[in-house]
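*Asks:* Take these sequences, add in the hints, and give me the full structure.
Residue numbers (the UniProt record's numbering): 1 to 727.
Mixed in with the good hints there might be a few duds.
[Unchecked claim] Below, a list of computed lysine-lysine pairs in the DSS-like style, where the Cα atoms sit at most 27 Å apart:
#1 Lys561 / Lys497
#2 Lys720 / Lys532
#3 Lys498 / Lys397
#4 Lys720 / Lys636
#5 Lys720 / Lys529
#6 Lys498 / Lys338
#7 Lys636 / Lys658
#8 Lys358 / Lys338
#9 Lys688 / Lys518
#10 Lys247 / Lys658
[Stated by the list, open to error] So the derived label-pair ranges between C-beta atoms look like this:
#11 Phe441 / Gln304: 52 to 62 Å
#12 Lys720 / Ala208: 52 to 62 Å
#13 Asp139 / Ser462: 15 to 25 Å
#14 Glu455 / His703: 29 to 39 Å
#15 Gly681 / Lys498: 23 to 33 Å
#16 Gly705 / Cys635: 35 to 45 Å
#17 Lys338 / Gly577: 47 to 57 Å
#18 Gln304 / Gly613: 48 to 58 Å
#19 Ile346 / Ala208: 43 to 53 Å
#20 His714 / Lys127: 56 to 66 Å
#21 Ser462 / Lys127: 20 to 30 Å
#22 His714 / Val578: 16 to 26 Å
Honestly, the hints are just simulated from the structure, not real lab data. Just so it is clear, CB atoms sit at the ideal spot from N, CA and C, and this is done for glycine as well.
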Amino acid sequence: MCTHKKITRSRYFLSVRGVVFFICIISRLQDIDLFLANPAVATCTSPRVTSFVKEEILPRAMYALIFPKEESAATQRHIPLFEEGGGANKHKHTHLYYSIEQTYPVMYVPLCLFTGSIMASEVPLYKDASAPVEARVRDLLGRMTLREKAGQMAQIEHTVVSSRALTELGAGSVLSSGGSAPHDRASPSDWASMVDDAQRLALSSRLAIPILYGIDAVHGHNNVLAATVFPHNAGLGASRDAELVRKIGEATALEVRATGIHWAFAPCVAVCRDPRWGRCYESYSEDPEIVRSLTTLVTGLQGQPPAGHPHGYPFLRSVRENVLACAKHFVGDGGTHKGINEGNTICSLEDLERIHMKPYIDCINQGVATVMASYSQWNGQPLHASRYLLTDVLKGKLGFQGFVVSDLEGIDRLSEPRGSDYRYCIAQAVNAGIDMVMIPFRFEKFLEDLLFLVESGGIPISRIDDAVERILRVKFISGVFDQPFSDPSLLDVIGCKKHRQLAREAVRKSLVLLKNGKNPNEPFLPLAKNAKRILVAGTHADNIGYQCGGWTMSWNGDSGKITRGTTILEAIQESAGVETEVVYEESPTEATIETMEFSYAVVVVGEVPYAEGSGDRTDLSIPFNGSDLITRVACKVPTIVIVISGRPLVIEPQVLEKVDALVAAWLPGSEGMGITDCLFGDHDFVGKLPFTWSRSVDQLPLHVGDDNYDPLFHVGYGLKCSELTEI
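*Replies:* Here it is as structure tokens:
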């Protein structure tokens, strides 16, 4: 009997089952991961199958290897290895342990230890929130297939989100481009549900890598109905208030995070050198030092890094209250020839560094997580294809350790017609240093071409690994692995009173008083609240869409009551005395002007909303015959003119002469009460011009220090109510 048992055991351990058992002991579950990671297997293996193999098949197989008779008997009697109702996920091995304990008590303890080791190894290091970020990055990167790595480098539009895109092919990021919402007039909770639904698809992928969801939250959460809309950057540049900008970043982060979104494509730190550029209002100033001082939006969005935080390393203070920032558009987008959008910035490396690169250094010092490449060119070289600037300078010299994302269809611009040679575009951009591509629609074509380029040697695998390592680093830092979904308790912060009060403060601090009275000793402002009758006129007096400008509820913005807010007319009606009659006519007739005995008139004129190239202009005169309206009213009634615009507009000398007061209000956003705070004297004007206000477009470009510098108003110009105009 003894001999027979020895022979049986020998045969058993020499059997195939014994070999498999030995391998399982040595490698635990990692061989299962590697097996399932094989492209040939991964393409036909769903996450459910993966879970079943690891949680059902493997424990049963190992039990059968050790106790073949008991396993067979258990199977015949239909005795489950896991408790009824508990499922594999709860790991309640009552029946398994009971059989072992009763049948082979000697092996019970070591097998328990072995099984516990197996179960512990089922939680990969990258899922351990307490592990160091870099260790988690290395662990996850080592588990990924080439296809999975390629997927992480892709950002797709939410309109093409599907289980195939996120679960099967593993797109690493989703965005809502300008105006792309869950549906028309979507509520904040609708946004959160949309983002969470996309996240669930991503978490159903083999490795359960969550997406980063990004959006252009460039002056508040401006795509979401009823969110607080802050002044655009041009107005904030006039405030010169770095702490105010930081607070705006904090408020924006909370409202963005409330909708489940993790990543704001802000701040724009372009140094606009020509107001003919359609993105002038996205710039804080033509002065790089002013722009540098207002990069505090990064700290507001992401939180303040602690002392000793590694240089260039991305940072996020709180997954609940902060979002990832994105410094854009690297580099020189504000310096293009004649202000042409996506044009060519012609300058030396010294000037590029001195004027356009400085703000990025400040952003990197604050731990900015991402940087977006510019559509523009530098001396004819597209930024999306500049290895020197993206890799050698940004990642090398400046020490940036986050990831670089392309602009929307930015790589398509590398061939003519756009995207016609997509494989070439991908090779140029990725080899230059683009880590994530904002595709955003032809995702499968991108994957196919990227995989071909790597497999054929057109892009080295080391470049792919570097890109994905950077993306994963930011994802781990963002906390999205550990808290992937929205927090419903935050929904009430969207458009809350506290944030609207902050926006109102920002409006009044952004206003620049350019003229205050015709007579040397008689300031026109502040206005009397208890005037008998006030005329309010102009296309922009009662139009929240015009007030907010581009990038509000849609890419180009729109006219009318597009979101919640207070128009300038409503603010005047609210602020004026109870006995004061406020009369509004967009274009008042001569009869109205001459017969109604107005105490004074408030004429509000300006630009229609626009974004990017649609805002490029060679003529900067006031639209809608604004100058004619101003002249017609000002000839009969004492008049203050408020200009709503994303840049300095041309004010003809005869128009300026006739008006009693002139205010540059930029694109103030949703809180019109900030304007009346200053008009009626509750607060004084503090804003200073962030841009040179030229006399005509013939002077452009015109900057402080130029030999022929003779503007209408210089950079830094601005009056208080107590100061008189000197022109």
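*Asks:* Run the structure past the numbered hints and jot down the numbers of the failing ones, going up.
*Replies:* Violated: hints 3, 6, 10, 11, 14, 18 and 22.
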